[in-house]
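FYI, full-length UniProt numbering numbers position 212 of the sequence shown as 212, with every residue one higher than the one before it.
Please note that the accuracy of each hint is not assured.
As the list claims (entries may be wrong) - Think about it this way: if two alpha-carbon atoms lie no more than 30 Å apart in a straight line, the pair counts; the simulated DSBU-like pairs of lysine-lysine are: (1) K2 / K140; (2) K198 / K185; (3) K37 / K2; (4) K94 / K37; (5) K164 / K185; (6) K140 / K4; (7) K21 / K4; (8) K48 / K37; (9) K48 / K240; (10) K240 / K198; (11) K140 / K198; (12) K21 / K190; (13) K190 / K140; (14) K240 / K185; (15) K21 / K272; (16) K48 / K2; (17) K94 / K48; (18) K140 / K21; (19) K37 / K21; (20) K190 / K164; (21) K21 / K48; (22) K164 / K140; (23) K21 / K198.
Treat the hints as calculated values from the structure; they're not laboratory data.
This one's a predicted model, so the numbers in the text were calculated from it and none came from an experiment.
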Amino acid sequence: MKVKRSERLIDITQYLMARPKTLIPLTFFSARYESAKSSISEDLAIVKRTFAARGTGILQTVPGAAGGVRYIPAVSREFAETFLQSMAARLAEKERLLPGGYVYLSDLLGQPTILNDIGRLIATQYVRNSVDVVMTVATKGIPIAQATASFLNVPFVIVRRDSKVTEGSTVSVNYVSGSSNRIEKMELSKRSLREGAKVLVVDDFMKGGGTVNGMRTLINEFDAELVGIAVFAEAIFSGKPMVSNYSSLLRVDDVDTEAQTIVANPGNYLEKTTFLEDLTQAVPER
Numbered sequence: 001m002k003v004k005r006s007e008r009l010i011d012i013t014q015y016l017m018a019r020p021k022t023l024i025p026l027t028f029f030s031a032r033y034e035s036a037k038s039s040i041s042e043d044l045a046i047v048k049r050t051f052a053a054r055g056t057g058i059l060q061t062v063p064g065a066a067g068g069v070r071y072i073p074a075v076s077r078e079f080a081e082t083f084l085q086s087m088a089a090r091l092a093e094k095e096r097l098l099p100g101g102y103v104y105l106s107d108l109l110g111q112p113t114i115l116n117d118i119g120r121l122i123a124t125q126y127v128r129n130s131v132d133v134v135m136t137v138a139t140k141g142i143p144i145a146q147a148t149a150s151f152l153n154v155p156f157v158i159v160r161r162d163s164k165v166t167e168g169s170t171v172s173v174n175y176v177s178g179s180s181n182r183i184e185k186m187e188l189s190k191r192s193l194r195e196g197a198k199v200l201v202v203d204d205f206m207k208g209g210g211t212v213n214g215m216r217t218l219i220n221e222f223d224a225e226l227v228g229i230a231v232f233a234e235a236i237f238s239g240k241p242m243v244s245n246y247s248s249l250l251r252v253d254d255v256d257t258e259a260q261t262i263v264a265n266p267g268n269y270l271e272k273t274t275f276l277e278d279l280t281q282a283v284p285e286r
């Protein structure tokens, strides 16, 4: 049974957005809706214009017999600026102060809409890179890794600080905590990461960079490749940070426990990211 255009547009949009960075042949949609390729092409042109106009992302067309269309998730600079300013204001709430100069984030990272936007922002930065897997450390980085992996349409792996019998044999490394200068251990199941995999590291909060540096060491142990490092928030660190090439959505510039004040601003994400309006370079196939 043929499907009306209005119904096709809704279903095509949902199908593409549920499978980011996946090449879908036009013949698939033609058979799905029992419609001519010319009609499907017109539908996709409408979706493409709407995605661009609404800041949803890019609908990339791949020509040729083996071609098709692919949804590339991306945000506009305006969306990113508005979101980060809003999150910076939330981070500056004095009720978030924790001992040691840390800031309470769990309520923010427990909200699906916020996590969804965090995932979109990080995915936008790395959408032109070839990423095979997103890596984080248990536990608070897990929702960020899941959101990011969802938009990049890749798996995510969880590095742990203690052994789990369900993980099987593991690879472990010792690392120095940047903030406390203690030697700690982290490990990852041998089955989680293949040799040569391109890895994007994400985490919720970074101070000295010791945990992120530990994950970088672990990636090297697997003979995998580090593609990038992205954190939700970073704190100003008085010592020498253990990582330098990273992006942060937010930055905690000052914490005064006596005055009960927090100064938070957008991090370096805006200057390190190519946004929707400038994403003209072809995105590599997975």
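Outcome of the hint check:
1. Using a Cα cut-off of 30 Å, the hinted pair K2 and K140 is violated, with the two alpha carbons roughly 47 Å apart.
2. Proximity of K198 to K185 is assessed by CA-CA distance (about 23 Å); at most 30 Å being required, the pair is judged to hold.
3. Taking the CA atoms of K37 and K2, the gap is about 13 Å. The hint holds against a cut of 30 Å.
4. Note on K94 and K37: the hinted pairing is violated, with a Cα-Cα distance of about 58 Å set against a maximum of 30 Å.
5. Annotation: proposed proximity of K164 to K185 holds, straight-line Cα distance about 14 Å (limit 30 Å).
6. Pair hint K140 plus K4 does not hold up; C-alpha atoms about 45 Å apart against a cutoff of 30 Å.
7. Between K21 and K4 the CA atoms are separated by roughly 26 Å; this keeps the pair inside 30 Å, and the hint holds.
8. A distance of roughly 16 Å separates the Cα atoms of K48 and K37; the hinted pair therefore holds under the 30 Å criterion.
9. Only pairs whose Cα atoms come within 30 Å are accepted, and K48 paired with K240 is rejected, the gap being roughly 46 Å.
10. For the proposed pair K240 and K198, the alpha carbon gap of about 27 Å is at most 30 Å, so the pair holds.
11. About 22 Å separates the Cα atoms of K140 and K198, which keeps this hinted pair within 30 Å; it holds.
12. Of the pairs offered as hints, the one joining K21 and K190 holds, with about 27 Å between alpha carbons and a cut-off of 30 Å not exceeded.
13. Proximity of K190 to K140 is assessed by CA-CA distance (about 22 Å); at most 30 Å being required, the pair is judged to hold.
14. Proposed proximity of K240 and K185 is supported: the alpha carbons are some 21 Å apart, at most 30 Å.
15. Proximity of K21 to K272 is assessed by CA-CA distance (about 21 Å); at most 30 Å being required, the pair is judged to hold.
16. For the proposed pair K48 and K2, the alpha carbon gap of about 22 Å is at most 30 Å, so the pair holds.
17. For the suggested pair K94 and K48, the alpha carbons sit about 43 Å apart, so the restraint of at most 30 Å is broken.
18. Restraint check for K140 and K21: satisfied, since their Cα atoms lie roughly 26 Å apart, inside the 30 Å limit.
19. Taking the CA atoms of K37 and K21, the gap is about 21 Å. The hint holds against a cut of 30 Å.
20. A threshold of 30 Å between alpha carbons decides the hint, and for K190 with K164 the separation of about 13 Å falls inside it, so the pair holds.
21. Taking the CA atoms of K21 and K48, the gap is about 14 Å. The hint holds against a cut of 30 Å.
22. For the hint pairing K164 with K140, the CA-to-CA distance comes to about 18 Å; that is within 30 Å, so the pair holds.
23. For the hint pairing K21 with K198, the CA-to-CA distance comes to about 16 Å; that is within 30 Å, so the pair holds.
Taken one by one, the earlier hints fail for this structure at numbers 1, 4, 6, 9, 17, listed in ascending order.
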